[in-house]
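The UniProt record's numbering puts the first residue of the sequence shown at 1, with every later residue one more than the last.
There may be inaccurate statements among the hints.
Beta-carbon label-pair distances, calculated as ranges [what the hints assert, rightly or not]: (1) Thr147 - Leu89: 17 to 23 Å; (2) Leu142 - Val114: 20 to 26 Å; (3) Asp136 - Asn26: 21 to 27 Å; (4) Leu145 - Gly14: 30 to 36 Å; (5) Ala91 - Gly151: 31 to 37 Å; (6) Gly66 - Ala130: 15 to 21 Å; (7) Gly104 - Pro32: 30 to 36 Å; (8) Gly96 - Gly50: 17 to 23 Å; (9) Ala146 - Leu31: 31 to 37 Å.
These aren't lab readings, by the way, just hints derived from the structure by calculation.
Just so you know, even glycine gets a beta-carbon here, dropped at the ideal spot from N, CA and C.
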Amino acid sequence: MANTIAPVRDTVAGALAATVTELAENPGAWLPRVRLSPAGRWYERLHHDGDREIWLISWLPGQSTGLHDHGGSRGAFAVALGGLQERDLGAVRDVGPGTVRTFGADYVHEVRNVSAAPAVSVHAYSPPLATMNRYDLADGRLVRLATEDAGQW
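Sequences are here, hints too, so could you generate the full structure?
What follows is the structure, given as structure tokens:
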């Protein structure tokens, strides 16, 4: 059974958490697809419909998302292999295999691989991602650096 760190506050978040948990616990469905890229995180969209999308992401040591939001989408991610670290505006936490993180539409965070080994995670969003905002922290305040549209990733 997965260890969900963030509380599941609604049925959408619960459904996303169930989706990423099921996939993370079934490596036969995704392991042959995984690639490792020294140039940056590798990712592949596994599913997309009008309600949600699911992504598979691999992380080499040192790779990171930078601070970002999800453009108003709710989300969940599960670490399937290895370990990641998540930083939001209030905490830094280690996220290991079988752990699920859920978040709401206004959530800003950074996910990174600070370990010495590759990691793999499964992510789900509802509605599907249309935009993502990238941020930096300046004097303890978020500063938006860029907005990316879905066609840019």
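Status of the hints after comparison with the structure:
Distance hint check: the CB atoms of Thr147 and Leu89 are about 19 Å apart, consistent with the given range 17 to 23 Å. Taking the beta carbon of each, Leu142 and Val114 are about 22 Å apart, inside 20 to 26 Å as hinted. Look at Asp136 against Asn26: about 37 Å separates their beta carbons, and that is not inside 21 to 27 Å. Leu145 and Gly14 have their C-beta atoms about 32 Å apart, which keeps the hinted 30 to 36 Å range intact.
Between Ala91 and Gly151 the C-beta distance comes to about 33 Å, which sits within the given range of 31 to 37 Å. Here the CB-CB span from Gly66 to Ala130 is close to 19 Å, well matched to the stated 15 to 21 Å. A hinted range of 30 to 36 Å for the beta carbons of Gly104 and Pro32 is consistent with their spacing of about 33 Å. The beta-carbon spacing between Gly96 and Gly50, approximately 33 Å, falls outside the hinted interval of 17 to 23 Å.
The supplied range of 31 to 37 Å is met by Ala146 and Leu31, whose beta-carbon atoms lie about 33 Å from each other.
Comparing the model with each numbered hint stated earlier shows that hints 3, 8 do not hold.
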